[in-house]
Amino acid sequence: MSVAALARPTFRDRVTGFSNAVLDFLRLLSRRPLGLVGLVGVIFFFFLAFVAPIFIPYQDRVDVTAIYQPPSGAHPLGTDSSGRDVLNQIVDGGRDILIVGLVAGFFSTLIAVTFGSLAAVVGGKVDSLISGATDFWLTIPHIPIIVLLGSVLKFNSIFIIAALLALLAWAGLLRQVRAQVLSLKERDYVEAARSLDLGLFHIIFKEILPNMRSYIAIHFILAMTAAIYGVAGLTLLGLFPLSGRNWGLMLNFAYVRGALFFRDSLWYILSPILAIALFQLSLVWLASALEDIFNPRLRSTG
Amino acid sequence: MAATTPADARLASDLYRYSRYARGRAALAWMWDKPIARALVRAFITIFLVTTLNFVLIRLMPGNAVDNYIQQIMQEQLLSYEDAKQQASSLFQLDLNAPIHEQYFKFLGGLLRGDLGNSMLSQGTPVFSIIVAYLPWTLFTVGLGLLLSFTVGVGLGLVAAYRRDSWFDHLVSTGGSMLSSIPNYVIALLLVVVLGTQLRLLPIAEMRGATSPSVAPGFSIGFVADILFHAVLPVSVYFLATIGHWILSMKSATLATLEEDYVNAARARGLTDGRITTAYVGRNAVLPLVTQLAIQAGYVVGGAFFIESILVYPGLGLRLFKSIDQRDYTVMQGIVLLLTVAVVVANLAADLLYAKLDPRIGRAGGANG
Amino acid sequence: MPQPQPVPSVAPDSVLSVRDLSIIYRTRRGPVQAVRDVSFELRRGETLAIIGESGSGKTTMAVSLIRLSPRTAKITSGQILYRGEDATIDVTRLDGEDLREFRWSECAMVFQAALNSFNPVINIWEQFLDTARAHGMNKTTEVRARSGDLLRMVNLDPDRVLRAYPHELSGGMRQRVLIAMSLLLEPAIVILDEPTTALDILTQRSIIDLLRKLRAQLGFSMIFISHDLSLAAELADRVITMYAGTVVERAAVKDMFYRPRHPYSVGLLRAVPRVTGALGSLSSITGSPPDLIKLPEGCTYHPRCPYVIDACKEREPDLLAVDTPEHDARCIRWKHVAEIIGTGEAAVAEKLAVRT
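Quick note, the sequences are listed as chains A, B and C, same order.
Residue 163 in numbering that gives the first Met the number 0 sits at position 164 of the first sequence, with consecutive numbering throughout.
Residue 182 in numbering that gives the first Met the number 0 sits at position 183 of the second sequence, with consecutive numbering throughout.
Residue 169 in numbering that gives the first Met the number 0 sits at position 170 of the third sequence, with consecutive numbering throughout.
Everything labelled a hint here was simulated from the structure, so no lab data went into it.
In this text the structure is predicted, and so the values were computed from the model without any measurement.
Note that the Cβ used here is the ideal one computed from N, Cα and C, for glycine as well.
Treat each hint with caution, since some may be false.
[To be verified] Some chain B residues flagged as far from chain C (calculated, every beta-carbon gap over 12 Å):
no.: 1; residue: 71
no.: 2; residue: 103
no.: 3; residue: 138
no.: 4; residue: 279
[What the hints assert, rightly or not] Chain A is faced by these chain B residues, among others (derived, beta-carbon under 7 Å):
no.: 5; residue: 56
no.: 6; residue: 88
no.: 7; residue: 311
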């Protein structure tokens, strides 16, 4: 009896497989309305920040006759203190924030995953050191230290800012990654890999991490929320030398100029506030729904 | 009495020393068994590490504050490098001529005496005296806010768990989830802009600061009322920013506890629902939240930086902001250190509270017999 | 405790009369018939064993006796009649305060190996006190005295145990404490669900001896639920076997062990190894328990029954009286089983081994 040769998946197979996975995912998500709203929100804001500016370029059109106008047909979100359109600024202002969020989230997740799995797999003194450092970091308030660090370092790129903000989320993530890897470590396929002497990196990157894909994705999203919290807040207070235009700077402008106390500037202030708040909400709701989907233990009624 | 040859004598003294050593070790082991000792040691080590971090940041990092300062005053006051260094020395509480490790120890020594150096802006004024006035306001508002949000949040979470999937549950859970996702400074801005400026419900301008100039300090009702009046905004922000977390945590902890065998067993024994809810469900469900109290404290203290700056409330957060603006590095350093110590102490308190509440911790317990 | 409708009468020497009890679980796949038309009597001072595999409905039924079923379970029909000192009540119609008072003071239920039956954050004494207070026993000295007596009866030192927290006691100790606590209010009935599962053999022995001693001293009626037949042999006066949610046989303990008449009971007894048994006499029952949502047509046991005939697949039999007294079995072929098993006083496994 001959054994049929295993056919390698064709490109078409992969595409169908992928689209099936996406449809499955959407089906699961539809049972969690908040998660669906979150997904829509995240997609919307990404679109707003990265795609919309291509079609709606920034117009620095000052119009002193139309200061702090309420929303109207011409200006759906009103105007600012120099008569510039607020919607235009919102469309233009998301990029910086989202990029910092993505990069900082990436750094956070990278540190957490690398050192968390290292600590779990190697164990011993390495684990004690990493866990000790993590616990230390978790017991102290981060913002003041980041502020202090920020005053000492020089900011010349988004990457330094993102790296600094990555400090916000890595410790919590690392603890969870470590716990998760510790539990996966006991599984058979890891034992098998160990006995085949396949090396530390292979075990981490080829055996354990692929099984934590969804887990890592969820935490990446949460790390993004922490980073955005940091960058928006610190920009609002004027502590980041982010020149240019973004939502945080709009708020900074309002804060510095006392526009907070000015009645007519409501829409100028509300727009970036709502943008930040709604984006954070979407991220958190999406992450919660993902956690619900991928963690069968917590699933209530499937 | 045994004959005392030199060998015997040596043996006797060895035994004595050994027994002291053994007793000493036993005493240490006994201490280490107690969670209080472990928690204290951890707190101590954390504070030690943070002060070292402080030192490293200020002194050793490239583009560090000390060197900048030296350069700055060399130019401004046309001093020589030596003179500038001398000034910086006294300001930063560092002996810049001494080798690095000596500087470090002197720095630590100074800290233990409560000496945080002098302000760079108003030279000669010790940092400690500048910031000590701000500390109580931060502690007061943060503490009150957390206390309120914890009690109310735990209560709401418990009820939401008992009334799972009811309109109450949906309302409270969604509301809590929203509040905990929105940044705390956004809540502050919304309160100011919507309630204050737009709806004119709150006299924002008068609520700045911790006290009104017209009210005389003292233990009078008027003064206390005034303090509370000014504290309403920051406390409300802390309350709203953290309550969501307590609601959701308590709800999930309660749901988990309701599945436990001992809850069912308690019902089988005919205990009243009230007793079961408080002593059997509530007390067990709230335990994991106590550990989170410390983490939340750290988060809120960090957030105080934003909130006090926006609301103009004279706590350490606002003072930190001011010192950044003024580039007064010694004050910055002092505030960060103080804030960190406050949080570490809060952590310690939470650890001890947990040990008291959970009899499974803190006893050399385990099954016997 | 006035009840709106008149409660049917119960024989004077019965303390519990369960009549046609049916319970369903609501699940997403549809309603599951966990318990179907179960009836039995518990006489005063008697010990009844309810034996069955997991999924037979025995625990669902037991838990419903004190109305502690989960929210998804519902009693669809039947009565649970308790003949108390003053009046007979229908437990299925008890609610609120009446139900709360009924629990533990009239009928106490001890769950599977008390590993997690105690509140971990309060000590044992407080839990005794809670129990007493919930039923109006407020005088601390009284409660202390009675708890002390009961703990000594179960061979524990009250001074040490009352001060302890649950995690400081071993599993066996906790089981004893729970048994002592169950007698605090002098209940007429004590129900034990799998009292010896999850305990080691030596502890099992001591718990069994303890139960025997307590029963002799205090005279309560006992129901215990188990899959362990040897437990029944040790303690029970009467045995009921359950299968797929219904009673398939009811008999005195000796009749059940030596003269079973239902093929399922036979199967269970054959599966118990005997120390002196001939090798090869052991066998397990082929097949697996049925899906309770889609039960087999006719007799629910027929797919696994070695004596099945076509008539078995047509309708489910009623409980039929068999040749031995106070003994019935839900099988139309009980006479055939009787022929095979006979009436001698020897273990079924041995009898069948001899035959084969």
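These are the hints, each one checked on the structure:
With a least CB separation of 59 Å from chain C, residue 71 (chain B) remains clear of the 12 Å interface cut-off, as annotated. For residue 103 (chain B), the shortest C-beta to C-beta distance to chain C comes to about 46 Å, beyond the 12 Å cut-off, and the non-interface label holds. Listed as a non-interface residue, residue 138 (chain B) keeps its Cβ farther than 12 Å from every Cβ of chain C; the least gap is roughly 30 Å. Residue 279 (chain B), annotated as away from the interface, has a beta carbon of chain C within 12 Å; the closest lies near 5 Å.
This hint holds: residue 56 (chain B) has a C-beta 5 Å from the nearest C-beta of chain A, less than the 7 Å allowed. Here the hint on residue 88 (chain B) is broken, as its CB sits about 19 Å from the closest CB of chain A, past 7 Å. Checking residue 311 (chain B) against chain A: minimum C-beta separation of about 11 Å lies over 7 Å; hint violated.
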